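*Asks:* Given next are the chains, with one letter for each unit.
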Amino acid sequence: MATLNWRTINIDALDPDSPANFDLSSLSPAVQPVSTADVQSLAGQIRQLLRGGDSEGALQGALENPPYGGDEKGKEVHLATVIEILQSIRQADMSPILSRIYSAPGGTEALDVLMKYIYKGMAQSNVSAASTTRNITPQATGFSQIHSRGGGEGGGQAMSVLLSWHEKLVEIAGPGSIVRVMADRRTV
Amino acid sequence: MAPPEVNHLFHHPIADHSFSADRQTLAVARDNNVDIFQRAGSKFQLKDELTGHDKTVTGVDIAPISGKIVTCSQDRNAYVWEPSPQGWKPTLVLLRINRAATCVRWAPSETKFAVGSGARLVPVCYFEEEDNWWVSKHIKKPIRSTITSVAWHPNSVLLAAGSTDGHARVLSAFVKGVDARPEPSAWGERLPFNTVCGEFLNNTAGWIHSVAFSPSGNALAFAAHDSTLTVVYPSAPEQPPRAVVSISTQVLPFMSLLWSSESEIIAAGYNCEAYRLQGSEEGWQLAGSLESKGRPGIQDQREESALNMFRQMDLKGKVTDDTKLKTVHQNTINTIRVYEESGGNVTKISSTGVDGRAVIWSL
Numbered sequence: 001m002a003t004l005n006w007r008t009i010n011i012d013a014l015d016p017d018s019p020a021n022f023d024l025s026s027l028s029p030a031v032q033p034v035s036t037a038d039v040q041s042l043a044g045q046i047r048q049l050l051r052g053g054d055s056e057g058a059l060q061g062a063l064e065n066p067p068y069g070g071d072e073k074g075k076e077v078h079l080a081t082v083i084e085i086l087q088s089i090r091q092a093d094m095s096p097i098l099s100r101i102y103s104a105p106g107g108t109e110a111l112d113v114l115m116k117y118i119y120k121g122m123a124q125s126n127v128s129a130a131s132t133t134r135n136i137t138p139q140a141t142g143f144s145q146i147h148s149r150g151g152g153e154g155g156g157q158a159m160s161v162l163l164s165w166h167e168k169l170v171e172i173a174g175p176g177s178i179v180r181v182m183a184d185r186r187t188v
Numbered sequence: 001m002a003p004p005e006v007n008h009l010f011h012h013p014i015a016d017h018s019f020s021a022d023r024q025t026l027a028v029a030r031d032n033n034v035d036i037f038q039r040a041g042s043k044f045q046l047k048d049e050l051t052g053h054d055k056t057v058t059g060v061d062i063a064p065i066s067g068k069i070v071t072c073s074q075d076r077n078a079y080v081w082e083p084s085p086q087g088w089k090p091t092l093v094l095l096r097i098n099r100a101a102t103c104v105r106w107a108p109s110e111t112k113f114a115v116g117s118g119a120r121l122v123p124v125c126y127f128e129e130e131d132n133w134w135v136s137k138h139i140k141k142p143i144r145s146t147i148t149s150v151a152w153h154p155n156s157v158l159l160a161a162g163s164t165d166g167h168a169r170v171l172s173a174f175v176k177g178v179d180a181r182p183e184p185s186a187w188g189e190r191l192p193f194n195t196v197c198g199e200f201l202n203n204t205a206g207w208i209h210s211v212a213f214s215p216s217g218n219a220l221a222f223a224a225h226d227s228t229l230t231v232v233y234p235s236a237p238e239q240p241p242r243a244v245v246s247i248s249t250q251v252l253p254f255m256s257l258l259w260s261s262e263s264e265i266i267a268a269g270y271n272c273e274a275y276r277l278q279g280s281e282e283g284w285q286l287a288g289s290l291e292s293k294g295r296p297g298i299q300d301q302r303e304e305s306a307l308n309m310f311r312q313m314d315l316k317g318k319v320t321d322d323t324k325l326k327t328v329h330q331n332t333i334n335t336i337r338v339y340e341e342s343g344g345n346v347t348k349i350s351s352t353g354v355d356g357r358a359v360i361w362s363l
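Residue numbers (full-length UniProt numbering), protein chains in the order written: chain A, 1 to 188; chain B, 1 to 363.
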């Protein structure tokens, strides 16, 4: 009894009014759990559309089914799919495609999802070059700057695509879309 | 449409403002004090200062009939100010909260008021004649985070509260002995204190900036930080609502909203201008801004002579002066309020914002 260190007792756990005892799940919108396999099969279907030349249909399909309930792996797979679609669409086609999606029912929602993926893509330092760069670097030296600079070329390419999408998207969906990405608790 | 009446009161942000019923007195929250302005012709003149709070005042509301002013502040207290021949007489209201008070509103009956707070509860305060004291009763139950706004139902019993946990709630603030038994409505039939009549979350669960009941009380609108505005139409007690209409706007989030009629909402916020939204149960849409575009004034006043152009280029390195926004307000609008009504419809509204301006708009 004497050895009980009362300073280490977590008093928040004992106080029913404490914020530590909140059920946080009620604060976020309900999302359906999605398995990684489902995301992968969806990615397969979307690639097929993309190969068939229907990049607009592929984009729409990808934006209508964001894996909010997926795990990290599933989300990564879907991000790669979306980025691939974005890179396959020519700059001149961006605005017409976006305005068509916007005027379709549920269009603002789809564009908000696209905005989320653009920001997520930018957060990933080098999307397409990631796999190749890691092979070039002989070992993890801890010099992260050198590491990222090595992939700068490829990452810059992906980034410029994302930036021009971002520009076109803000023209159509407005700054409201950016605010929604920041406020949304459903992450991609 | 008459041009808006702009009053630049001072160079401080205005957290909240309220007009008296005769529209001659304007109370604005300025830092730790509340300034009382009196209309003098076309202008407002500083007449009095309500000092007592020792932290930023976050809410001020003038009761339309009794003329009492209630204020709340980050110092966790509220004051009720009564007009007397010697000036304003303050009465301290102990809210019993351990975080800042964020907003305050009189009930339409003026017998009680509700305060939003960071302590995850809503103190509902009413005057106890026997003890000559304002008593505060807490609505606690489902609230998970700071209350950012409160709004009363016309029956003075139901209270809407918007919170940073992303929920807009309809709660009962029925106080025995103060309120008469309310008529049953679509929100609920039996309404003891702290009954939860509705809890609404929008798609993204963004935190709520503002809530308001429609003039009839049969619909609730709330604006959230995800730039959406959601309108809820209840069907019957304990039933899911008849319709929930949410619109995602292209503009920055709204900080404040009011219903000008059953089918029109005015909302304003970070875009520094007020917008008109129209709709019904079937759907709502943004119908445009209250600003008249191409307003003569700021830009076109100066004659664009070649001499002037080169002078500007020499002085500033550019031809046009782009340090001013094209809107009347030069910063975020914090509060919009009803200024004048006729025949159940709002005809004029007032707005104040971070730029220290109080503007009166005719709709």
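Because the hints were derived from the structure by calculation, they are not lab data. If you're wondering where the values come from, they're calculated on a predicted model, not measured in any experiment. Be a bit skeptical, because a hint or two may be false.
Here are the simulated lysine to any residue pairs, SDA-like style, with alpha carbons at most 20 Å apart [what the hints assert, rightly or not]: (1) B:Lys141 <-> B:Gly118; (2) B:Lys141 <-> A:Lys168; (3) B:Lys140 <-> A:Ala20; (4) A:Lys168 <-> B:Gly118; (5) B:Lys324 <-> B:Gly118.
Label pairs and their in silico Cβ distance ranges [what the hints assert, rightly or not]: (6) A:Glu64 <-> B:Gln239: 29 to 39 Å; (7) A:Asp71 <-> B:Lys141: 28 to 38 Å; (8) A:Asp71 <-> B:Gly344: 48 to 58 Å.
All C-beta atoms in this analysis are idealised placements derived from N, C-alpha and C, irrespective of residue type, glycine included.
*Asks:* Starting from the hint list further up, note which numbers the structure goes against and sort them upward.
*Replies:* Those not satisfied are hints 2, 4, 5.
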